[in-house]
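*Asks:* Sequence:
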Amino acid sequence: MTCDDVRLDMSRSESKGSFFSRVSFAAAVFAFLAAAVLCAAPAPAFADEPAADGAEMQRAGDKVLTGWQRIGDYWYLYDDDGNMLTGWQKPGGYWFYLDPDYGFMYAYAILDIGDHTYGFDEHGHMVTGWWEYNELWYLFDESGRMLTGWQKPSGYWFYLDTDYGFMHANEFLHLEDSVYYVDEYGHMATSWKKIVGNWYLFDKSGRMLTGWQKVGGYWYCLDSEWGMHTGYQMIDGRWYLFDKSGRMLTGWQRLYGTGEAIEYADIFFASNGAASGEIRMMWDGNLLAWNEDSGNPNGWFALGGYWFFTDEHGYVQTGWLKRGGDWYHFADNGRMDTGWEKIKGDWYYFKGSGRMATGWHKIKGTWYFFASNGVWIG
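Residue numbers (the working numbering): 15 to 392.
Be a bit skeptical, because a hint or two may be false.
[As the list claims (entries may be wrong)] Here are the simulated SDA-like pairs of lysine to any residue, each with C-alpha atoms no more than 20 Å apart in a straight line: (1) K104 / K77; (2) K365 / G339; (3) K208 / W171; (4) K356 / G338; (5) K218 / K228; (6) K258 / T272; (7) K104 / D126; (8) K218 / K258; (9) K208 / D177; (10) K208 / S238; (11) K358 / L335; (12) K207 / S219; (13) K207 / F180; (14) K356 / D340; (15) K207 / D237; (16) K228 / V210; (17) K336 / M295; (18) K207 / E239; (19) K166 / E198.
Worth flagging that the hints you see were computed from the coordinates, not collected in a lab.
Generate coordinates for the entire structure from the input sequences, incorporating the hints supplied.
*Replies:* Structure representation (structure tokens):
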């Protein structure tokens, strides 16, 4: 090689044209300068001499340089005859890649070579397995080829960017029609996962589950944005209640602070979880009934296994009520009494219909006598 042979081919400096092409303009300049210094230096420091096969040969005086040689900021590799080697080489049991044009060794770089992408550590060794580069993690197979997409190298699924190969971590992934999550270690989430204070549910394949889901015998409702619902929630036009663990509640539940004039509300949730009605304790001490379908009921109505009675304004009866010549009694929560009840120190008995018993009555095989006012005599 002569000084006239040293050229900086700018047209090839970006020939690969991909994200991972690491042959920078600066690297080419260094290579150019290094070669220029060799040409300009007086003998016997370094002199170039054509080899028989046309490859470059390095000499130091009468000695042909072989093996690894550092010239400027770059390393070069020469064979036993002093010919500069290029491309893939495996001295010392490690694979290296030497620039096919200038011969310098690539180090701490990711390169597109042929149809595949490879990584090289700070020593120039081709990497396999996991490798951290510029604070991002990459995965390479045993032949050094970069892996992309879903990979399961150690019992966990990872997602490696399909364009650039880096491992995704600590983020939601929207892939095709599904949503996935990978944690800070890159592990794909399955089952329950708490993310930024919210709980999300993923199936065994990693897909996020939303809407109504039954897990371990309990119903949960999940949103793709906010995750698992808790507390009192309106869903598709109906009210539902979920405990702190996200389980849907049914039956009678007492809630406080459901309205400005409401001290608390006893709400009945049906077997499907939807609220069907409620008895509200107002701040003025009155009970107000509410039906989710018809509003304020009037007269007799059943809710959650109990009978109630309301006036035309929806206010719930408590205490004694005489209807059609019969006496009824309602507890402080508005529920009609049945069976034995002790009221102000006296015992009364109310039939299944709620009517107060008077006179002789046989109850579970035993006769009892009640006065005209309903008080049990004996």
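*Asks:* Each of the hints needs a verdict: does it hold here or not?
*Replies:* Hint check:
no., hint, verdict
1, K104 / K77, "24 Å, violated"
2, K365 / G339, "15 Å, holds"
3, K208 / W171, "18 Å, holds"
4, K356 / G338, "24 Å, violated"
5, K218 / K228, "15 Å, holds"
6, K258 / T272, "18 Å, holds"
7, K104 / D126, "19 Å, holds"
8, K218 / K258, "24 Å, violated"
9, K208 / D177, "29 Å, violated"
10, K208 / S238, "13 Å, holds"
11, K358 / L335, "16 Å, holds"
12, K207 / S219, "14 Å, holds"
13, K207 / F180, "23 Å, violated"
14, K356 / D340, "18 Å, holds"
15, K207 / D237, "14 Å, holds"
16, K228 / V210, "23 Å, violated"
17, K336 / M295, "23 Å, violated"
18, K207 / E239, "14 Å, holds"
19, K166 / E198, "16 Å, holds"
Hints 1, 4, 8, 9, 13, 16, 17 from the list above are not met by this structure, while the remaining hints are.
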